[in-house]
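Everything in the sequence shown is counted per the UniProt record's numbering, starting at 1 for the first residue and increasing by one.
Don't read these hints as lab results, they were simulated from the structure. Predicted, not measured: the structure shown is a model, and the values here were computed from it. Accuracy of the hints is not assured; some may be wrong.
In the BS3-like style, the derived pairs of lysine-lysine whose C-alpha atoms are separated by at most 25 Å in a straight line are [what the hints assert, rightly or not]:
#1 Lys277 <-> Lys121
#2 Lys308 <-> Lys277
#3 Lys331 <-> Lys320
#4 Lys320 <-> Lys308
#5 Lys240 <-> Lys86
#6 Lys86 <-> Lys121
#7 Lys240 <-> Lys277
#8 Lys315 <-> Lys240
#9 Lys319 <-> Lys86
#10 Lys315 <-> Lys86
#11 Lys320 <-> Lys95
#12 Lys86 <-> Lys320
#13 Lys331 <-> Lys319
#14 Lys95 <-> Lys315
#15 Lys308 <-> Lys86
#16 Lys164 <-> Lys95
#17 Lys121 <-> Lys331
#18 Lys319 <-> Lys95
#19 Lys319 <-> Lys308
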Amino acid sequence: MDKGFGFLRDIDNNYQAGQADTFVPAFMITKFGLREGSFIEGRGGPGNPGNQNLKLTAVDRVNGLSLDDYARTETMHTMTSINPEKRLRMAQGPKDITGQALDIIVPMGRGQRGLIISPPKSGKTTLLRHMANSVTANDPEMGVFILLVNERPEEVTDFKRGLKDAHVLYSSADQSIGQHMRMTRLAVHTAMRCAEVGRDTVVFIDSLTRMARAFNAETESYGRTLSGGLGANAMEVPRKIFGAARNIENGGSLTIIATILVETGSRMDDIIYQEFKGTGNMDLVLSRDCAEHRVFPAIDIRLSGTRKEELLLNKDELKKAVDIRRALSRKDPTEAMAELIEYLDRNGR
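Generate the whole structure from the sequences, applying the supplied hints.
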């Protein structure tokens, strides 16, 4: 829609352009206030001479709402944001040790803005997939989107096959930087449109680091470059995307859980992490030491946590979480996580 007009793309086809896509004229976008990522129901007719695409001629509903109701919806950034209060449970049963560990260490709610801070090969993608499966299983009414940026093709296949009830949107490593940026904007804007009309949505992003690299490569820095080769204004859009997560008062919510890489040996990656550090309200820090000792999930309990977790946990759950943290506080990350896994395994039998 950057040029004023647009097209209707199929989300089940990863928003890829097709000859059968319906053309949306600029005057209709202006007339109905259509926003990028909206789901449109309407009617079409023949396009301009020499153009195979249908042309949208009438709009009946937008994002499931009548035109009158849609006209009254505000944009997300004008709505009142409040702290997450309604719980998203990660445990899929008493024997789900990973889910139980997440519920204790980093309780999550609708509208959470969470970072999975991970050294290489520490299991971040596996954890992200587990979280997505938990949401689809425990909260099936929520809209779940997976955004894979510059991902390995085999990982894309694993996500698509393992998450049948989620929208897996991706740009794989063999695609252009422009495609990485396009998919990022479309995925997040689609989730935002759902939240604006009162629905609860969650976007899992893998990873913010690769997203920021793509925007850095394509963003004009006007000669101003930070250390590590990062353009002075390259982080503007990625920060806005991550910052879009919120719980809307008397409305819907947009939850964003995103991975970000550390300890890669790249100065640029370090700067990217510093740009996002402190912008979320949940940090899940993974431990290289745990991963090297094959202790999974490889969570650094001491460094991980959720802001205002008391809003998500009842009195007994909060006491249990505090007691566990106190008991493990003096142990190194590997020993602490191993003991927690043993405790959960023993109590889950």
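Here is how each hint holds up against the structure:
Using a Cα cut-off of 25 Å, the hinted pair lysine 277 and lysine 121 holds, with the two alpha carbons roughly 21 Å apart. As the CA atoms of lysine 308 and lysine 277 are separated by approximately 17 Å, the hinted pair is consistent with the 25 Å bound. Proposed proximity of lysine 331 and lysine 320 is supported: the alpha carbons are some 18 Å apart, at most 25 Å. About 16 Å separates the Cα atoms of lysine 320 and lysine 308, which keeps this hinted pair within 25 Å; it holds.
About 24 Å separates the Cα atoms of lysine 240 and lysine 86, which keeps this hinted pair within 25 Å; it holds. Taken as a hint, the lysine 86 and lysine 121 pair is broken in the structure, with Cα atoms around 32 Å apart against an allowance of 25 Å. At roughly 14 Å between alpha-carbon atoms, lysine 240 and lysine 277 fall within 25 Å of each other, so this suggested pair holds. Taken as a hint, the lysine 315 and lysine 240 pair is broken in the structure, with Cα atoms around 35 Å apart against an allowance of 25 Å.
For the given pair, lysine 319 sits about 19 Å from lysine 86 by alpha-carbon distance, which is consistent with the 25 Å threshold. Distance check on the hinted pair: lysine 315 and lysine 86 sit about 15 Å apart at the alpha-carbon level, within 25 Å; holds. Taking the CA atoms of lysine 320 and lysine 95, the gap is near 18 Å; set against the 25 Å cutoff, the hint holds. Of the pairs offered as hints, the one joining lysine 86 and lysine 320 holds, with about 19 Å between alpha carbons and a cut-off of 25 Å not exceeded.
Taking the CA atoms of lysine 331 and lysine 319, the gap is near 20 Å; set against the 25 Å cutoff, the hint holds. Restraint check: the Cα-Cα separation between lysine 95 and lysine 315 comes to about 23 Å, which is no more than 25 Å; the hinted pair holds. Of the supplied pair hints, the one linking lysine 308 and lysine 86 holds, its CA atoms being roughly 12 Å apart against a limit of 25 Å. Between lysine 164 and lysine 95, the direct Cα distance comes to roughly 22 Å. Compliance with the 25 Å bound is thereby established for this hinted pair.
Using a Cα cut-off of 25 Å, the hinted pair lysine 121 and lysine 331 holds, with the two alpha carbons roughly 23 Å apart. The hinted pair formed by lysine 319 and lysine 95 meets the criterion: a straight-line CA distance of about 22 Å does not exceed 25 Å. About 14 Å separates the Cα atoms of lysine 319 and lysine 308, which keeps this hinted pair within 25 Å; it holds.
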